[in-house]
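**Student:** Okay, here's what each chain looks like letter by letter:
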Amino acid sequence: MARGSPLIEHLLRRAGFGMSPDDLRFYETMSVATAIGRLLDYESVPDDVDDRIGNAAYAGVTARGTFSPNSNIEDARQRWLFRMIHSQRPLQEKMTLFWHNHFATLYSKLQGTVGAGLGAKLMANKAGALPGPQGQIETIRQFAVGKFRDLLTEMSRDPAMLVFLDGRLNTRQRPQENFGREIMELFTFGLGNYTEQDVYAAARVFTGWNIRLVRGADRSDANSYYEFVFLANQHETAAKTFTFPIYANGSRVIPARSAANGMQDGLDLIAALARHPETARRLARKLWGFFVSEVLPPDPEFVTSCAAVYAANDTEILPVVHYILRSRWFLSLTNSYARYAWPVEFVVRSVKEVGWSGLSVDTLRTPLTNMGQTLFEPPDVAGWELGEGWFSTGAALARMNYAASVAFNQRFNLGRAAADARTSPEALLSLFLDRFSPAPYDSEPYDGLLEYLRAGAAWTGSDAQLTTKAAGLTRLIVGSSEYQFM
Amino acid sequence: MSVSRRDFIRGGVAAFTVSFAAPSFLTEVARAQGARSRSLVVLYLGGGNDALSTLVPYQDQFYYQRRPVIAVPAGQVLQIGTDMGGRALGLHPRLTGLRDIFNDGRLAIVQRAGYQNSSRSHFQGTDIWGTADPGSPSVMGWLGKFLETVPSDALSGWSATREVPRALRSRTISVPAIPNARTYAFNSPNSATEAVHERAAATRIASHVPVNRPQLSFVNTAAIGALETLDRVASVSTYTGTVAYPNNGLALALRTVAGSIVRGIGTRVYWVQTGGFDTHATQGAGGTGAYGNLMGSFGGSVLAFYNDLRNQGLLGDTMLLQFSEFGRRISENGSAGTDHGAAGVMMAMGGAVRGGIYGTAASLDPNPGNPTLENNGGDVRFETDFRSVYAQVLDNWLGANSTSILGGDFRAGAPAIV
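As given, the protein sequences belong to chains P and H, one line each in that order.
Each step along the first sequence adds one to the number in the numbering used here, with nothing skipped, and position 406 is 1137.
Each step along the second sequence adds one to the number in the numbering used here, with nothing skipped, and position 290 is 419.
Because the hints were derived from the structure by calculation, they are not lab data.
Quick reminder that beta carbons are idealized off the backbone N, C-alpha and C, glycines included.
Just so you know, not all the hints are guaranteed correct.
Stated by the list, open to error - Part of the chain H face toward chain P, derived, beta carbon under 7 Å:
| no. | residue |
| --- | --- |
| 1 | 252 |
| 2 | 292 |
| 3 | 316 |
| 4 | 317 |
| 5 | 319 |
| 6 | 323 |
| 7 | 340 |
| 8 | 409 |
| 9 | 464 |
Model the full structure from these sequences, guided by the hints.
**Tutor:** Now the structure itself:
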């Protein structure tokens, strides 16, 4: 394929997970505006990607017994990786990943508290798949570009979150501060906008937000589930005073309410946090790093503009993303390759470009862990350390070694693809630099790639030599630093 | 250089691994520093360790009043005497390993370590401890600044966790993250000879310094850091130790560190961490349960490390320094756990450490006028500035200049732990 649409490719890397040859053929005939519209208006695209699991034309999964992505966390990870590779709604998966990092929840704590099966359901049960509410990641996917206030409400009453940040233990007699602190420090406006007094008050606001275990008739994990419940008798009914405005009239006090109406306390606080201007600005800064650049700090004008769009649209995220993708900051190619690829972004993009014939997404899980990103297992409630934080030496080595393993897995396909360029090392290099999409190589690393192709026995272009050199070249390109940016 | 063929199973494919023969691991730099130069092992207990459960003021009636469920019964603590203020203290009952080291006179315990206006945020707190700068926790870590003062070497620092913590970051030193020496190898999709060509090419490609793309230079530096250290690290991968280490992540990381010390790699600063200390809930009643298990693996791992180094005559060259980002609330919460608090406990272990209890315990009387507490009697107030402990370690153990590294003179009032 010839590469002639740098902006379309930039868009697909940032607003999606890169492009397979078919993706590129589909999008490159569109104008940039049309492509952005198609990505944003994903509700008009059928959400049927999961139906293709098991179809030989797509990447495979590995079942241990029955493939159980709704109740087995390893299978849930496989399903999500499959969706990232093959979904025709790439922006939805991208935003789901963004919010997974924002509302970082660790499966391991769920497992330790409620067991493996119920814990996996709390994270990943798809609506209607197994009895009980949908899992956290499905709720995030549903609200991925909706109103942030709604997403924040759903996360506050999400059973996985109520286990993870101990909301289920937050009672009238003994308020528990874990969630009350993090909803301010990490989920909304951040440090510097609240005091310890606010932490106490927020903990009391959410007393009574709890979960209930419903056992299936057969008492199996598959048919049992946790659901949200408001326990009025556990709610602290006294007024709560904050240091920032809760209501539009500037009042900082959530009034005393009857226990039966006590859930409104939390909804009032959520609404106040969601519309707070510093929340808008903090989300804008995070979206700058996610969509525009991790090399340049957020442009103050960008932050102000995004916050204004957010406020004007009642905290809805879709118009904000639309604004960003159409903005001069995003559409400036000076910001291309200014974003450090997260391990899952790197791996999914490489699969889309290298190929997936005979590949099981299950083989991606261990390399991802070695690179520092296990889905449903961020390091802590603050999420992953992004940008340079991904690139410790051990993680850099893990990326190089993953490139070796994906090149080995696809070596015969790569060798066949190389047959078009058996005439010379230069031809092979040219073909593969067109097939993959690393950041541009300067002459020194380019010469290093060429030197590799010439190393060893004299060039004959035999099938055996092509298979060897195509695999080695693929590992060098995919493992190079130039490929770690998007 | 030799090339060995070895199947690698990770990722489910067979391929080849390039390695280079020992004993060339002992580089000129390492020799110049002296293979047995002093090293510092920093152990971070992630999540905010509940200091009052680690070191129990078992004669303070308020301790029992304020922790009716989780308090460790006085009869179960491991008594280690009294502090300078005459307060009786005991280690958590699962810390028998540390009690043994304490009885050898090789464990120093610094009570109420912290700083003014302690942050209750994990992330800000960790940055403050990492940079030793509560005012502006910037990019540079205190250990990274120290490493800039020693001869440059790719393994002068070693993070035995997957990431490199802020404490080890600096402008010019790229510290490798090597959680497991055994999987730290260069794999290839091709045969042995071809793998050598690939490694040479990967090294050449990553050696490039693009002047106008600093982000690319950063990743290249990490890649080169890996490629340059592979062979020396490989020499550690076979290390098993002279004692049986417990089977947990902390112990295995400490065994890797011990292997590096024994093999004379020349590393000056190691970073080891273990998590699970954010015990908001079900900490465990009376010293049992989740917190007890944390203490069991902490104490058992450190004891194995201590015995292993002692058996090999290397204890005198090693110091382990333990900290956490904050202590926890004095009163337990409604879920048999504790929320984020203020001052915590630090410990130092090693052959040159002057064992004992440093500082004075707080009175846990919730009276708001109690000067040893803060936050209306909710949290323990710091007594020893953690930077004075850092200063002590930098000046008297690592032979550095604490005033320049810490950006101020914190030597006054430092506990004389070494």
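**Student:** Work down the list of hints and note, for each, if the structure agrees.
**Tutor:** Now the hints, each set against the structure:
Interface restraint check for residue 252 of chain H: the shortest CB-CB distance to chain P comes to about 5 Å, inside 7 Å, so the restraint holds. Given hint, residue 292 of chain H at the interface with chain P, holds; its Cβ is 5 Å from that chain's nearest Cβ, closer than 7 Å. This hint holds: residue 316 of chain H has a C-beta 4 Å from the nearest C-beta of chain P, less than the 7 Å allowed. The interface hint given for residue 317 of chain H is met, as the beta carbon of that residue sits about 5 Å from the closest beta carbon of chain P, less than 7 Å.
Against a cut-off of 7 Å between C-beta atoms, the interface hint on residue 319 of chain H holds, since the closest Cβ of chain P lies about 5 Å away. With a cut of 7 Å, the hint placing residue 323 of chain H at the interface with chain P holds, because the nearest CB-to-CB distance is about 6 Å. Nearest Cβ of chain P to the Cβ of residue 340 of chain H: about 9 Å, over the 7 Å cut. The hint is violated. A hinted interface residue such as residue 409 of chain H counts as satisfied when its beta carbon comes closer than 7 Å to some beta carbon of chain P; here the least separation is about 4 Å, so the hint holds.
Annotation: interface hint on residue 464 of chain H holds; nearest CB of chain P at approximately 3 Å, less than 7 Å.
Checked against the numbered hints above, the structure breaks only hint 7 and satisfies the rest.
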